[in-house]
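Colleague: Those protein sequence lines, which keep their order, are chains A and B.
774 is the number that UniProt numbering gives the last residue of the first sequence; the numbers go up by one with no jumps.
774 is the number that UniProt numbering gives the last residue of the second sequence; the numbers go up by one with no jumps.
Here are the simulated DMTMM-like pairs of lysine to aspartate or glutamate, each with C-alpha atoms no more than 25 angstroms apart in a straight line:
#1 K185(B) x D183(A)
#2 K396(B) x D577(A)
#3 K518(B) x D533(B)
#4 K396(B) x E635(A)
#5 K71(B) x E571(A)
Chain A side only, calculated, beta carbon under 8 angstroms to chain B, not exhaustive:
#6 V67
#7 N418
#8 W420
#9 N470
#10 N491
#11 G566
#12 M568
#13 K570
#14 W589
#15 D592
Just so you know, these hints were derived from the structure itself, not from any lab.
Quantities reported herein were computed from a predicted structural model and do not represent experimental measurements.
Note that beta-carbon positions come from the ideal geometry of N, C-alpha and C, so glycine has one too.
2 protein chains.
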Amino acid sequence: MKQYIKVDEWNIIEEGFAPHLNKISESIFSIGNGRMGQRANFEEQYSGESLPGNYVAGVYYPDKTRVGWWKNGYPEYFAKVLNAANWIGIDIRVDEEVLDLHTCEVKDFRRVLNMKAGYLERSFTAVLKNGKEVRVNAKRFCSIVDDEAGAIRYSITPLNFKGRLVITAFIDGDVKNQDANYDEKFWEEVQREVGDNSAMLTLRTKKTGFDVCTGMLFEVYQEGQRLDMPVQPVENIKYVGGRVNVAITTGQETIIYKYAANLSSENHPKEKLRNSCKAVITAIYEKGFERMLEEQAAAWAEKWEESDISITGDAAAQQGIRFNIFQLNQTYTGQDARLNIGPKGFTGEKYGGSTYWDTEAYCLPFYLSTAQEQVSKNLLIYRHRQLQKAIENAAKLGFTGGAALYPMVTMNGEECHNEWEITFEEIHRNAAIAYAIFNYVRYTGDTAYLADYGLEVLISIARFWVQRVNWSEARQQYVMLGVTGPNEYENNVNNNWYTNTMAVWCLEYALEVMAQVKKEAPAKYTALITRLDFNEETATIAWGKVITQMYYPEDKERGIFLQQDGYMDKEQVLVKDLDPLQRPVNQKWSWDRILRSCFIKQADVLQGIYFLEDRYDMDTIRRNFDFYEPRTVHESSLSPCVHAILAAKLGDEQRAYEFYLRTARLDLDDYNNDTEDGLHITSMAGTWMSVVEGFAGMRVKAGQLCFQPFLPAQWQSFAFKIYFRGVLLKVKVDKKEVYISNESDRDITVCIYGRQIPVSARSEETVGGEMIKL
Amino acid sequence: MKQYIKVDEWNIIEEGFAPHLNKISESIFSIGNGRMGQRANFEEQYSGESLPGNYVAGVYYPDKTRVGWWKNGYPEYFAKVLNAANWIGIDIRVDEEVLDLHTCEVKDFRRVLNMKAGYLERSFTAVLKNGKEVRVNAKRFCSIVDDEAGAIRYSITPLNFKGRLVITAFIDGDVKNQDANYDEKFWEEVQREVGDNSAMLTLRTKKTGFDVCTGMLFEVYQEGQRLDMPVQPVENIKYVGGRVNVAITTGQETIIYKYAANLSSENHPKEKLRNSCKAVITAIYEKGFERMLEEQAAAWAEKWEESDISITGDAAAQQGIRFNIFQLNQTYTGQDARLNIGPKGFTGEKYGGSTYWDTEAYCLPFYLSTAQEQVSKNLLIYRHRQLQKAIENAAKLGFTGGAALYPMVTMNGEECHNEWEITFEEIHRNAAIAYAIFNYVRYTGDTAYLADYGLEVLISIARFWVQRVNWSEARQQYVMLGVTGPNEYENNVNNNWYTNTMAVWCLEYALEVMAQVKKEAPAKYTALITRLDFNEETATIAWGKVITQMYYPEDKERGIFLQQDGYMDKEQVLVKDLDPLQRPVNQKWSWDRILRSCFIKQADVLQGIYFLEDRYDMDTIRRNFDFYEPRTVHESSLSPCVHAILAAKLGDEQRAYEFYLRTARLDLDDYNNDTEDGLHITSMAGTWMSVVEGFAGMRVKAGQLCFQPFLPAQWQSFAFKIYFRGVLLKVKVDKKEVYISNESDRDITVCIYGRQIPVSARSEETVGGEMIKL
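Bound conformation, chain A alone:
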């Protein structure tokens, strides 16, 4: 764990230059706008350790998978988010010496991520080898207003000399992915051009044929005047830029403005890409850096208005939660149903930047509550759009009749994980995708979604489950063999309780939605089942048999659900009895030992109890929690939030807070020594859940928002905003009371501690005092 980030409520601050932390900071200080993202690499040349990353949403490369022996049904490729052309590059030479923080002395280094206004700022003084000192201030952002564009203000001031500055503003497309399986470069040049003070480079991905045009336009100012000097074009394969040579003098600031854009053929016809790019950079150039930045700040203010969580009495917690919300909003804006949320967002290459079940299980609640309905709806439509691919995935494994298996990892709907024990076996993701439909409709009340999109997905998923189980003559029940549950420290187990339970839940919910759509939208229903060649009667019977005759492993003596068949055959050791030197086990132990141990990577049975909590009484929840939690090593960042929420439900406020702490500042403090690979974007949503569903106990029951809040003892208060069915609520919890203010024009009645509390439009209600103690 590192704690080098200064605590501040609205800013992420690094002071002092620490090359060994640089890749971590590159992740933490990442900027993005949902369409593109940029790690906090330096504009100027840097020969120290760095993971360059500019990522353009939806653009990927199908990297041939690495497996020992390929077998039928293994995916052919692993889709990788691509490191695209470097658009931030500004090389600086000071009197023939290259400015490179790796080779000079660095003083007063400070890096700030301004989360309120949405920009990154970096300043430092460099003492070059030749003794010359320069002061640099660089500010940049990816615009969420002009969402294909970014802008940079790079200022450099000589402190002790007079001389010449050679500035090269460039776009460099000769980049590669650090995690390329076969060390290939993924881009080919299509076209390049260099203008007066502009340059454009169009690259095409191998195999997938995505075109991305990266363009830039730059200008140089001194003493408030735009310099009108000759620009020397610089051009090479996959590299374009312009170079200027300016005189500088002690104390005189030279400012470079660089306006850049990344346009992808996903959003523009290929033949117009270059012209569209030129139009974007021209437009932002005309708008100018300062106005762009103002617009950026205003747009971020709106986002914060919807999604902020404020915490008083604990600035570190405040910073942590805001950082999470900031990064989530940088990653996904919900404007494009073709996009989704990679586990690392736009902050690194790991996990390929593809879509995992994290989206449905952990991220959806955040976007449901903090953004307009369309945002989370687009997350659902993403899966609906990929339904045919999910059916193809299942068909490759031998499933028939329109059965859909959504991928564990994907860019375009096709499965591309490269471990069979995940690809074929971690099939519970199908249930999370069905559950997201349930969750969305429960939250929004948008039942029309079911007829238009939801039911089709649910039927296709149900068709999968009913084939995936098999009848056990021995048990005279249905069983589900060869799965991997959410606990990935087990592979190829039989009858994972979570998977069996959620599979049956899917069948039940599909039947329920069938009946509902049939009743509420009969014409759509008929059209759908005709198109799907769906025999309602046969399906109802077949699904009903699985529903009623499914086998669920249990330990009746302990009164717990059993994670899988044979779990109690394992040596039962508790995490607390593990030598701390042996942890994290995934770094200290062989995979053999992990697989055979009883240790649980992340919530598994408890994930099911969390999803379906209304089915279980408190004693059952407590018994399972008390059994499984002590065996859980939480080596997935997606684990603690579920435990926090359940602990809160069980009234264990202290433990709920402890679980929350495990991910609250996961990346800021680099808990797991892996922030340099990128941020844990999807687990950030889990931290949000810990606060809102955990501490505030928020649930939607029968169409109503309910709360069961408590205030962590370490805090003075916390407050958050919630969108719910057109109403914007602010919920605040302090040591005395719970305050609900309705910031919209519609009345609403919420349920707090089981009490119905009407909150009129534009007014606030307070529930407090003794209630909190209950």
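Since chain A is already given, all that's left is putting chain B on it; use the hints.
Modeller: Just chain B, lined up with the frame of chain A:
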């Protein structure tokens, strides 16, 4: 299945040139001598499909493994047998046109593998594009007398023209492995030299640093006269050769003799490699091709004298079994305890050419019975030499205290398989290695081996098993979780009956051998346990607990051993009810479907029953056989032999014969469409077992050879040779009688159909008539 090989009792014959079969023939017609092996690639240039392969025993490359996500305990590399420099190359140009069977018309093509004399011969007439016809006859062999050498006689005769022949005899080291994980070349040049009519090339493997010096010396004859013409040296990186230009005339034969050698730094100091190689090629050159060939034939005659099986009444069966014996003898000669038997021997790259448990489970019986004791002893010593590596393998997984886990795949003792489900889990190989010690001592009576080598291995293996099991509180028994049994169509199962059974057998046998060595060689015993830091008392108690309290899955109702926990939860389908279009399932089904099906790749429970048959009564064997056999798809070539032997034991002669047929001509007829990758060398030993342990019912009981023969109805007779404790026996079975002739100078008593039959030195006994019918 292809049946293009002509049936002949002593020869493998291909007639007519079929380019689409060429890679298959390259495998089938491979030649080798235990130190080197050469696929039947053409001497002259060939631009059609071909898998070039010259393999030098013990020389390998650690190719970085391909895995999706590397985890602790995964092997870093997969050791690969290397395609070494091409020593057979003789390029031919006929009046400026290259002789290349891919580009000319080929007539009267005939390829013969003479198994009796141990050489490969190929003849054909080529009609070149320029209309010129040449007749070629090429004969070559890898000498089992000069076992680092090979020799070629290449004759070419113009049929319809007078002109010039340009002959380039060369060594080409610019070769690669087709199965390189990252498309690298594995060799670097160390040194090359070109002499008058000789050339030498020394190459070094990357990473492992093995040097191999390949040298050659050639001469050209016309009309019985050695031509004394100028040789033009040809030299390039990794390429050396000599070129001559000779006049030819219609009907006049030009003969090229090429003498070559592959010397490895495993057998010679690097600094002397070149000189040693020169000495070898000079020596064989002086000996001359014809004399070398005579010696080769004489040496092979000796081998046949020891190991032949003759079958009358079925020439195809005769050819098949001789082919198997021939290839086994080409692959392993038992002279070097550092060498072993790769599944493909020296006939292809697949499986890396490394050592698998095939050696102990399937090959050892062949070498025990057909060669001097030292040959099989060396197979055991190979593992003893690698014991420290096996202990390291186990330590990498977290095992301690000298526990040894022998590798699933290895070159040097280090595990290098690249699938965790095999590496960590297919641990039953440890038992096969212990069983091989038992089997060797049972057969040879060489109990001294136990004190000198065996017990150390047994203790180390026992130390592994006792840690690998764990106590199940739930069952109050020891269990073994997370294994893969011999049936690789199941992964990560719990309590594989075979593994549990063999693990306990290992503990029992280790205790038994401990007691025996302690008694018979107390000084060695004390020295050993001191060196191993072995506490006899503690171990005896701990092992004893596992022996007495192990859990074995059973289906009591059916009276069968259960392959693993939960096997009866699978949908129980029989192979006979499978649509033939769905077979082989490993080509037609996804791995997901295979894993979840009840289908068994190769003998698993039945393998255990085969190993420990004396423990089980006939009814138990029959019940298990009748249950498992119909569920077995035999998609490993190692499966049918075990079934053949058990069927024979159960008196089901017809089925025993059917199982035998499945592998009898596996490669000759390319049953599995994969002979082009190389021959199934280790399964060839299984076929031998089907005949000797199956049809002849040979066993060793209480130090005595026993037989329970029957004659397959399709045959007139069969006969085989057996070495047993210094006695060479010939056993012949015909429709009337069983003949045992003792071809040695010592008397022996064997047991036939339960009757004691003394067979005096140099005499024959007959057991016949009514006995056969019993």
